[in-house]
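Colleague: Just so you know, the numbering used here puts 91 at position 91 of the sequence shown, and the rest follows in order with no gaps.
For the record, the hints were derived by calculation from the structure and aren't laboratory data.
Note that CB positions come from ideal geometry on N, CA and C, so glycine has one too.
It is possible that some hints are incorrect.
Derived CB-CB ranges, DEER-like [what the hints assert, rightly or not]:
hint : residue 1 : residue 2 : range
1    : V315      : E101      : 30 to 38 Å
2    : K113      : P25       : 23 to 31 Å
3    : E131      : D5        : 44 to 52 Å
4    : F87       : H260      : 41 to 49 Å
5    : T102      : C208      : 37 to 45 Å
Here are the simulated lysine to any residue pairs, SDA-like style, with alpha carbons at most 20 Å apart [claimed, not checked]:
hint : residue 1 : residue 2
6    : K105      : H138
7    : K114      : A139
8    : K113      : I92
9    : K114      : F87
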Amino acid sequence: MNIYDVSRKAGVSIATVSRVLNGSPNVSERTRALVLEVMDQLGYTPNVFARGLGLGTIQTIGIMCSDSSDPYLAHAIYYLEQGLRGFGYDSILCCTGSSLETKQKYFDLLRSKKVDAIILAGSKFVENRPEDNDYIIHAAKELPIMLVNGYLEGENVYSTLCDDRLAAHNAAGLLIASGCRSILYLYTSHSYSGMNKRRGYEDALKGCGLPVREEYIYQCPKDILSAKELLIKLHTGGLVFDGVLTSDDTLAVGAVKYAHAAGRSIPDDLSIVGYNNSSYAVCTDPELTSIDSKIEALCTTTINTLMGVFNGGNVPSRTTIAADLIKRATTKF
Numbered sequence: 001m002n003i004y005d006v007s008r009k010a011g012v013s014i015a016t017v018s019r020v021l022n023g024s025p026n027v028s029e030r031t032r033a034l035v036l037e038v039m040d041q042l043g044y045t046p047n048v049f050a051r052g053l054g055l056g057t058i059q060t061i062g063i064m065c066s067d068s069s070d071p072y073l074a075h076a077i078y079y080l081e082q083g084l085r086g087f088g089y090d091s092i093l094c095c096t097g098s099s100l101e102t103k104q105k106y107f108d109l110l111r112s113k114k115v116d117a118i119i120l121a122g123s124k125f126v127e128n129r130p131e132d133n134d135y136i137i138h139a140a141k142e143l144p145i146m147l148v149n150g151y152l153e154g155e156n157v158y159s160t161l162c163d164d165r166l167a168a169h170n171a172a173g174l175l176i177a178s179g180c181r182s183i184l185y186l187y188t189s190h191s192y193s194g195m196n197k198r199r200g201y202e203d204a205l206k207g208c209g210l211p212v213r214e215e216y217i218y219q220c221p222k223d224i225l226s227a228k229e230l231l232i233k234l235h236t237g238g239l240v241f242d243g244v245l246t247s248d249d250t251l252a253v254g255a256v257k258y259a260h261a262a263g264r265s266i267p268d269d270l271s272i273v274g275y276n277n278s279s280y281a282v283c284t285d286p287e288l289t290s291i292d293s294k295i296e297a298l299c300t301t302t303i304n305t306l307m308g309v310f311n312g313g314n315v316p317s318r319t320t321i322a323a324d325l326i327k328r329a330t331t332k333f
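All chains, full assembly: derive it from the sequences and hints.
Modeller: Below is the structure:
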């Protein structure tokens, strides 16, 4: 079933059917009603991409994330899709992995679909080498690019960020104030967000007159058992630590498991703070103190900013949202 069948049965030109599909005012109400009735009788559904060629929009947004199995990103995708649907937009999701080549491939795929904008969920789409971000900057000349918890400066590029640096700084400061003096920092990546969290940890140590020691900072795969095994190895090797701050709840759960295995009391002997306030935080015993990075607020703000761009509004290129610290049983403060 296609537009030609509709044209033939309704007894009107293909151009008239096209005008009805595109919502053109240059069609009488009687003809419009006739064409819509025929479409209903034939069960005709217009191709959204073909229709978009006439409307200048396909009412569809591309979403890219590196790993949809990650709880943080899975929630981001959910909130983004819900928000877009509320404004009448569909979405196309691409899960890219960490390879720059694959990110560029899927980015180009979304552009070929003539999406109205692209949302990059998570901070792993901003590369450390500026030239590796050129494909994003170039595409922004044609359509809005939205970053969720990543920052990239460029025309028609809009970033919504959690203040990760301040959040990590405040959490580390509270650990120090509660008596911790040797705090491990575990992180998963060198992304924009990951580096800001690390800087916040270092800021807090310096601000309290404590040294920043590289032997207390470790990158670890985002895996519970990997974090547990790393801490057991450090403990067995003689490293003394009384606090653990992590860039993700997954690593903090590993720290809890390490403490149980090593016979260390939480929080009296070891204090632990996670990040993202995910479902993992309430699945441990004791439950995790964790930083709430406000993923729902980040996504809602991103969608509202995008709608402002579409409506020609004067919207900020960068919006920062403050995190909350959710205090539970793995800390003494």
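Colleague: Each hint: holds or not?
Modeller: Right, here's what the structure says about each hint:
no.	hint	in the structure
1	V315 with E101: 30 to 38 Å	holds, 32 Å
2	K113 with P25: 23 to 31 Å	holds, 28 Å
3	E131 with D5: 44 to 52 Å	holds, 51 Å
4	F87 with H260: 41 to 49 Å	holds, 47 Å
5	T102 with C208: 37 to 45 Å	holds, 42 Å
6	K105 with H138	holds, 15 Å
7	K114 with A139	holds, 12 Å
8	K113 with I92	holds, 9 Å
9	K114 with F87	holds, 18 Å
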